[in-house]
Amino acid sequence: MITLASDFGSPYPAAMRGVVAGRCNARLLDVTHDLPRGDVRAAAFWLRETLPWFPPAVHCAVVDPGVGTDRDAIVLRAGDHALVGPDNGSLWPAARAVGAGGGAVEEPSDGAASDADVEAFVYDYENPASSTFHGRDVFAPCAAAVHEVGVGDLESLDRIRPASDPADYRFPEPTIEADEAAGEVLVVDGFGNVVTNVPGWFLDGRDAVTVNGERVPVVRAYAAVKAGTRVATVGSHGNVELAVNDGRGDEAFGLEAGDRVQLESDDD
Amino acid sequence: MITLASDFGSPYPAAMRGVVAGRCNARLLDVTHDLPRGDVRAAAFWLRETLPWFPPAVHCAVVDPGVGTDRDAIVLRAGDHALVGPDNGSLWPAARAVGAGGGAVEEPSDGAASDADVEAFVYDYENPASSTFHGRDVFAPCAAAVHEVGVGDLESLDRIRPASDPADYRFPEPTIEADEAAGEVLVVDGFGNVVTNVPGWFLDGRDAVTVNGERVPVVRAYAAVKAGTRVATVGSHGNVELAVNDGRGDEAFGLEAGDRVQLESDDD
Amino acid sequence: MITLASDFGSPYPAAMRGVVAGRCNARLLDVTHDLPRGDVRAAAFWLRETLPWFPPAVHCAVVDPGVGTDRDAIVLRAGDHALVGPDNGSLWPAARAVGAGGGAVEEPSDGAASDADVEAFVYDYENPASSTFHGRDVFAPCAAAVHEVGVGDLESLDRIRPASDPADYRFPEPTIEADEAAGEVLVVDGFGNVVTNVPGWFLDGRDAVTVNGERVPVVRAYAAVKAGTRVATVGSHGNVELAVNDGRGDEAFGLEAGDRVQLESDDD
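Residue numbers (the working numbering), protein chains in the order written: chain H, 7 to 274; chain P, 7 to 274; chain L, 7 to 274.
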C-alpha cells in the first residue's frame, strides 16, 4: 500500500497517482491533498493524526516550500511503515507515532515513542524532470521504489544512504501548573475547531474552563449545548479543542494557528 | 466494497480510510466528503442520488451533528447493500432507493420502494477512542465488521441488534394541482443549480414555466439558451431544476435550500 | 484501469464511480473533479499535464458545457490508452501527448506527436437517463464498455464508429523573436502560479526577464528568493511560469487565464 498526502490541491496529485500506478501495483490511497500550503507545522500535525491509523504502508507526504533548493529527499522507516518526503521535519511526528504503534493497531499510539524507533535515510535524486514538482518527479518514484523492494529492505536501493542530520520538527509544549495551562493553537480544522497543544487530561473532571478570560462549559459532545454556544472539549487528537456547536470556534474565540491560549479552572 | 461519505472535508476522512484498510481487504471508494456540514436533509438527498448507482456494498455515511450524544449507530440493510451511520434519518431515503433496485442495476430505482425493503439494526458501540470523531472510532469499524461477515449475515455480529424505533427522514412533498406546483428547494449543487422537490413530469410538454412570478424557458440542455439565461429543466435526479446556462441559478433566482418555489404553466 | 476527470466538484462524481464499478472490475483512479467549470481550454491543458503520467488506461474526462445538445460522444485511441468524453476538443492535446509516449513511460512526451498517432471514434448513445449528466449516463458506461473489450479492440463495440470530423483544440502559439516573446496565460493553478504558453527554453541562460514591463529574477526554486518576491521559472509543464515565493503570482502580476504576456530579456 502507498498513501499520498500533499498541499497540492487539484489537479497536480493526479500526476503522482499516475507515476506510482505506472511503476508498481501497490494499492493507492489518498490521505489528503488539501494540507495548508507550505505549512510544515500543519503538515506535521495532520500526518501524525492520520498516518498511524493506516496498516503498514509507504506514505508519500509532500509539503515542500523548499522544492528545487538543495534540501534532501528523506525516507523515515518506522516499524513496517516508511514515510517519504522533503527533509523539513514534517514527517517526524507521524513517524514517531507510527513507530510506537507498529502495523494495523486497534488504536494509534500516543506518539510517545522515542526517536530510536525511527531510522532516517536520504534518497539521492538526480536531475528530476522539473525543479518545481518533486512530488511527481522525486517523491512518487522514490515511494514506488521503496514499495517494490519492501520497507524492511529499503537500504538495498542504490540511491538510499543513512541520513546524518535530518531536520526534525517538534510541536511547542504547553506549560501546565495546577489549574492553569499556557498553550498554543496548533491548527484550525475545516469545521473551525481550534486545536490546542494542551493535553485533554487538563479538562478531566472539570465542568467549565476559562479560555483567555472567558468561561465556557466543558462538554463531551458539541450538541450538548445550544447551537452557537462556545465549548471546550477533548478532540479526536486527544488535545483540548475549542469549538462552537453548529458554528466555527475560530471565529467565536478569535483564534488562529500560532495564537496563545491561556486555560484556567478552579472547579476541580 | 466499502464506500465512504461524510461532511468531514479534509483531512479527517483519511483516518476512516486507514481504519477500514487496516481491518479488511474491501475495495474502498469515496462517495464524497464535502456534504454540507451537519445538514441531515442535504445528506439524505445526496446519498439517495449517489448510492443507488453503486454495486452491492457497505456504505459508511457520516453526517452527524449529534456525535457524542446518546444517538444510536444504525445499520440499514437494503437488498445486498448495507448503510452504516448515525441514527438521524439521513440514510433512509438512500436505503429505500437501493432496496427497490437491488444490486448493480442499469438505472437506479425511483425511490418508490416501501420501508418493507429495508431492515434496521442498532450497532452497540462502547467507549470509542473519541467522543467527537465517530466516523473513525465507531462507523468505520462497524462498516469493516459488516463487510467481513457479509451483508446477508450481519446479524451474526455480537454488537448488532434489531432497531426498534430508528429515526427516519422524508423529503417534503410538493403540492401539485393542474398547472400549478408549490414546492421547495431541496439543495443547491456546486454549479449553483437549484434542485426542487417538484417531479420532472410537471414540465412535460411545456415550453416555458413561471417561477415565483418570472417566466423562463423549459429546456433539455443548459446550452439551449444563451450564456446567462435562466432556464427550468429536468435535472439528473428527475426533479425540476432551476439553472442558468454558464452561470449560477441560485444567484439568478435568489433561491437557497429550504426556500419555497411556486411553478405555474398555462401553455400545455 | 479507468481514470475519471471532470469539472463536477462534489458529489456528482460518486455516481460515475458507482456506474463504472458496477459494470467492470477495472481499477479506478480519480484524476481530478475540480477542473474549472465549463472551460474547455483549461480541461485540455490539465488533461495533457496529467494523463500522460498514467500507465495504459481508459480515461473518462468530462468537461461538457454542451451536455444535452447534439454534440457527439467521442473516443480517442492513442497507443494503449483511450480517452472518452464530449466532442469539444478537450481530449485532443492529452491524446496527442499520450500517443507520442505510449504506455508507462519514464517521462511523458512533449506532446510533439502528430494527429496520426490518434484515432477518433464516435460512441452512439441513445436516450440517456438524463439530459444534464452524461458523465453518469453516457461517458461512464462508454468507458466501462471500452475497458471490457480492450482498447485495442474497441471498434468491436456495436455503438462505436469512426469519427469523420471531430472537434479539435489547439493551444495558442506564442510569438518568439530573439529576446522577445509575446504569449498568453493558459491557466492559473491552485497556488496562484501563472502558466504561460511560452516554452521554458526562452529562459535558458537568463538571470532575469521583463514581464509586461517589470523586471523579475529567473529562478529554479521558488524559495531561491525572499517570501513575497515575484519570479519567473520553468514550471513542471515545461512552460514559463510567473510566481511569487510563498504567495500568489496571479495577484502579484495582475494576470489571469487568457491575458497577454510580453516577455523581454537582454542579458544573454
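Simulated from the structure, these hints should not be mistaken for lab results.
Treat the hints with care, as some may be off.
To be verified - Which stretches of chain L does chain H cover? Using the computed rule of at least three CB atoms under 8 Å from a CB of chain H, they are:
id, segment
1, 26-38
2, 49-56
3, 59-70
4, 194-201
5, 227-237
Just so we're clear, the structure is a prediction, and the values are computed from it rather than from any experiment.
The beta carbon of each residue, even a glycine, is placed where N, CA and C say it ideally should be.
Hints, one by one, checked against the model:
1. 26-38: holds (count 5)
2. 49-56: With 3 residues close enough to chain H, the hint holds.
3. 59-70: holds (count 3)
4. 194-201: holds (count 3)
5. 227-237: holds (count 4)
Figure legend: structure checked against the earlier numbered hints; every hint is met.
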